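Student: Chain by chain, the residues run as shown.
2 protein chains.
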Amino acid sequence: MTELPDSARQQLKEQVGGPSADHIRRVFERYAALFTVGDTDGIAALYAEDAVVRDPVTSPAVEGRENIRAWYQSAFDSMGGGMEMKLEGAVRIAGHLAAGALIVRTHNHETVMRVETLDVMEFGDDGLIRRMDAYFGPSNYHMEQG
Amino acid sequence: MTELPDSARQQLKEQVGGPSADHIRRVFERYAALFTVGDTDGIAALYAEDAVVRDPVTSPAVEGRENIRAWYQSAFDSMGGGMEMKLEGAVRIAGHLAAGALIVRTHNHETVMRVETLDVMEFGDDGLIRRMDAYFGPSNYHMEQG
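So the protein lines, in turn, are chains H and Y. Each residue of the first sequence is one higher than the one before, counting from 1 in my numbering. Each residue of the second sequence is one higher than the one before, counting from 1 in my numbering.
Hints listed in this document are in silico derivations from the structure and should not be mistaken for laboratory results. Note that the structure is predicted; figures quoted are calculated from it, not measured. There's no promise every hint is true.
[What the hints assert, rightly or not] Example chain H residues on the side facing chain Y (calculated, C-beta under 8 Å, incomplete):
| id | residue |
| --- | --- |
| 1 | S7 |
| 2 | Q11 |
| 3 | L12 |
| 4 | Q15 |
| 5 | A21 |
| 6 | D41 |
| 7 | S59 |
| 8 | E84 |
| 9 | L87 |
| 10 | A90 |
| 11 | I93 |
| 12 | Y135 |
| 13 | P138 |
| 14 | S139 |
| 15 | Y141 |
[Unchecked claim] List of simulated lysine to aspartate or glutamate pairs, EDC-like, C-alpha gap at most 20 Å:
| id | chain 1 | residue 1 | chain 2 | residue 2 |
| --- | --- | --- | --- | --- |
| 16 | H | K86 | Y | D39 |
| 17 | Y | K13 | Y | E122 |
| 18 | Y | K13 | Y | D125 |
| 19 | H | K13 | Y | D55 |
| 20 | H | K13 | H | E122 |
| 21 | Y | K86 | H | E88 |
| 22 | H | K13 | H | E3 |
| 23 | Y | K86 | Y | D55 |
| 24 | Y | K13 | Y | E3 |
| 25 | Y | K13 | H | D55 |
| 26 | Y | K86 | Y | D125 |
| 27 | H | K86 | H | E49 |
[Stated by the list, open to error] Now the in silico label distances, taken between C-beta atoms and shown as ranges:
| id | chain 1 | residue 1 | chain 2 | residue 2 | range |
| --- | --- | --- | --- | --- | --- |
| 28 | Y | E14 | H | Q73 | 18 to 24 Å |
| 29 | H | E3 | Y | G17 | 44 to 50 Å |
| 30 | H | E110 | Y | G80 | 53 to 59 Å |
| 31 | Y | H23 | H | Q10 | 33 to 39 Å |
| 32 | H | V37 | Y | H23 | 49 to 55 Å |
| 33 | Y | D39 | H | R105 | 47 to 53 Å |
| 34 | Y | G80 | H | E3 | 14 to 20 Å |
| 35 | H | E110 | Y | R105 | 40 to 46 Å |
| 36 | Y | A33 | H | D77 | 30 to 36 Å |
| 37 | H | V37 | Y | G80 | 44 to 50 Å |
Beta carbons: idealized from backbone N, C-alpha and C, even for Gly.
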């Protein structure tokens, strides 16, 4: 890691403890890979037992790992499969909090839809996701050539 | 805008009212441009009178437009000028909430430092920023060739 300038060290002094940046980055990568293959058990295992998901962030919260698993299953079922999720740029990591921009492409229609989303996650000391809020809306849906 | 699929329309039905996506996107672009030239009055004018900033999100809140203006001035003074901020990818917009990945390059040292940051903002109906949280940490600092 780059040696931090003094100004940054002062600014970031509250970011102590919690899972490592490497762990958090790997969870984001694993989340995108599991999402792409529709592995809801794998996704649920990334979440804490009492985790809370808002996807999008403006919708009512889904609470608890089993409800979260069912929510992803329902989302995958309604899409009929064929969603690919990729990170766009580096995951930003601030202690227990992290945010990463993502691109989802859906292939289940005649055309390909690209959705720009962005997940903010809070992690527990155990490395599990305690909260996930997904930022996207109508302006983030785009048609691509099929 | 792309015509939304039924599943998305249902999912996004809570995102009503508030400033337009175009307005929010322009605020992010303007924020990056004003940050790059160090225009603290211009930046402060984007914020509501009682806005709250956490930059990074793990640090104590800076509350109120005038305190926010002074905070940016202090940040620019401590860097000695020469910070360039650019959006990385599209701004994700969810009703009154929005998030955008940003890259900041500092040119005041012999080498160039690249910092990956990501701002989550909440907007009021008047189009002003009510809350800004910046996500970044030590793993987001990188040296580049000067």
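Student: Hint by hint, note whether the structure agrees.
Tutor: Status of each hint after checking the structure:
no., hint, result
1, S7, "holds (5 Å)"
2, Q11, "holds (7 Å)"
3, L12, "holds (6 Å)"
4, Q15, "holds (5 Å)"
5, A21, "holds (4 Å)"
6, D41, "violated (23 Å)"
7, S59, "holds (6 Å)"
8, E84, "violated (16 Å)"
9, L87, "violated (10 Å)"
10, A90, "holds (5 Å)"
11, I93, "holds (5 Å)"
12, Y135, "holds (4 Å)"
13, P138, "holds (6 Å)"
14, S139, "holds (4 Å)"
15, Y141, "holds (5 Å)"
16, H:K86 x Y:D39, "violated (35 Å)"
17, Y:K13 x Y:E122, "holds (18 Å)"
18, Y:K13 x Y:D125, "holds (18 Å)"
19, H:K13 x Y:D55, "holds (12 Å)"
20, H:K13 x H:E122, "holds (18 Å)"
21, Y:K86 x H:E88, "holds (15 Å)"
22, H:K13 x H:E3, "holds (14 Å)"
23, Y:K86 x Y:D55, "holds (17 Å)"
24, Y:K13 x Y:E3, "holds (14 Å)"
25, Y:K13 x H:D55, "holds (12 Å)"
26, Y:K86 x Y:D125, "violated (26 Å)"
27, H:K86 x H:E49, "violated (26 Å)"
28, Y:E14 x H:Q73: 18 to 24 Å, "holds (22 Å)"
29, H:E3 x Y:G17: 44 to 50 Å, "holds (47 Å)"
30, H:E110 x Y:G80: 53 to 59 Å, "holds (55 Å)"
31, Y:H23 x H:Q10: 33 to 39 Å, "holds (35 Å)"
32, H:V37 x Y:H23: 49 to 55 Å, "violated (38 Å)"
33, Y:D39 x H:R105: 47 to 53 Å, "violated (38 Å)"
34, Y:G80 x H:E3: 14 to 20 Å, "holds (18 Å)"
35, H:E110 x Y:R105: 40 to 46 Å, "holds (42 Å)"
36, Y:A33 x H:D77: 30 to 36 Å, "violated (44 Å)"
37, H:V37 x Y:G80: 44 to 50 Å, "holds (49 Å)"
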